[in-house]
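Asks: These protein sequence lines are chains D and U, in that order.
What the first sequence shows, in numbering that gives the first Met the number 0, is residues 0 to 31, in sequence order.
What the second sequence shows, in numbering that gives the first Met the number 0, is residues 0 to 164, in sequence order.
None of these hints come from the bench; they were simulated from the model.
On a predicted model such as this, the values are computed, not experimentally measured, just so you know.
Treat the hints loosely; a few may be bogus.
[To be verified] Label pairs and their calculated CB-CB ranges:
hint	chain 1	residue 1	chain 2	residue 2	range
1	D	P18	U	R163	39 to 47 Å
2	U	M69	D	D22	28 to 36 Å
3	U	G120	D	E1	43 to 51 Å
4	U	W155	D	E1	41 to 49 Å
5	U	E26	D	P18	37 to 45 Å
6	U	E22	D	E1	17 to 25 Å
[Said to hold, decoys possible] Sample of chain U residues lacking proximity to chain D, with all beta carbon distances greater than 10 Å (derived):
hint	residue
7	R23
8	R33
9	P34
10	D57
11	C82
12	L86
13	D91
14	G95
15	F100
16	P103
17	A109
18	D122
19	G135
20	A150
21	D156
Here a beta-carbon is modelled for each residue, glycine too, at the ideal position from N, C-alpha and C.
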Amino acid sequence: MEGRHVLEAAAACQALLGPAGQDWTRPIPEMD
Amino acid sequence: MAEAVSHMAEGTLWYASDLAAGERRLETMELRVRPGTANADLVRTIGVVATVLARVIDASPAGARGWHPMGQADASGFAAMACDELLVHTDDAARGLGVPFTPPDGLVRATLARLFPWAPGADPWPALLWCNGRVGLPGLARQGRWAWHCAPLEEWDGRNPADRR
């Protein structure tokens, strides 16, 4: 795998977490 | 949630440092996101540290290795570990937010093939979550312990390393 894969994963993460107004105080069911 | 995002950012930056440092563990640094960082800045940080790691990976000479507790990883292994962490913890966050997360299929397949060559032949995304101890699959209990193979694939011994831990 290459650097572009890391950028693609980060973009997917940002797409989910980026929108404003999310309630980040909600608990995460699983964290490891 | 912020802790999860910070964990992703810190881990990604650690991977860049560890690959650059070579096979001897770098123990001189403390890398952390400042507590209380605003959500939007955390999201931006993910992009920044991913760019740092991507550039270190792509600039690494052939055969470069870096320390990781699960094995001396090569550049491909560090890329895969970062992808795994970003995807799985983003899914953790998505479940906390109550929103669906559908990662890029090709990226999931590449991560599975690189880090978890023993992965079951299920749909790739559930299989990756199983490999990370997140879910059970039909006929396969959820793993209480899990591990990846981050050293070059030609050094894999054919077994799930979680069975040895």
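Asks: For every hint, state whether the structure bears it out.
Replies: Against the structure, the hints come out as follows:
| no. | hint | verdict |
| --- | --- | --- |
| 1 | D:P18 with U:R163: 39 to 47 Å | holds, 42 Å |
| 2 | U:M69 with D:D22: 28 to 36 Å | holds, 34 Å |
| 3 | U:G120 with D:E1: 43 to 51 Å | violated, 25 Å |
| 4 | U:W155 with D:E1: 41 to 49 Å | violated, 20 Å |
| 5 | U:E26 with D:P18: 37 to 45 Å | holds, 38 Å |
| 6 | U:E22 with D:E1: 17 to 25 Å | holds, 21 Å |
| 7 | R23 | holds, 23 Å |
| 8 | R33 | holds, 16 Å |
| 9 | P34 | holds, 13 Å |
| 10 | D57 | violated, 4 Å |
| 11 | C82 | violated, 4 Å |
| 12 | L86 | violated, 6 Å |
| 13 | D91 | violated, 5 Å |
| 14 | G95 | violated, 4 Å |
| 15 | F100 | violated, 5 Å |
| 16 | P103 | violated, 6 Å |
| 17 | A109 | violated, 6 Å |
| 18 | D122 | holds, 17 Å |
| 19 | G135 | holds, 13 Å |
| 20 | A150 | holds, 14 Å |
| 21 | D156 | holds, 21 Å |
Of the numbered hints stated above, those contradicted by the structure are hints 3, 4, 10, 11, 12, 13, 14, 15, 16, 17, listed in ascending order.
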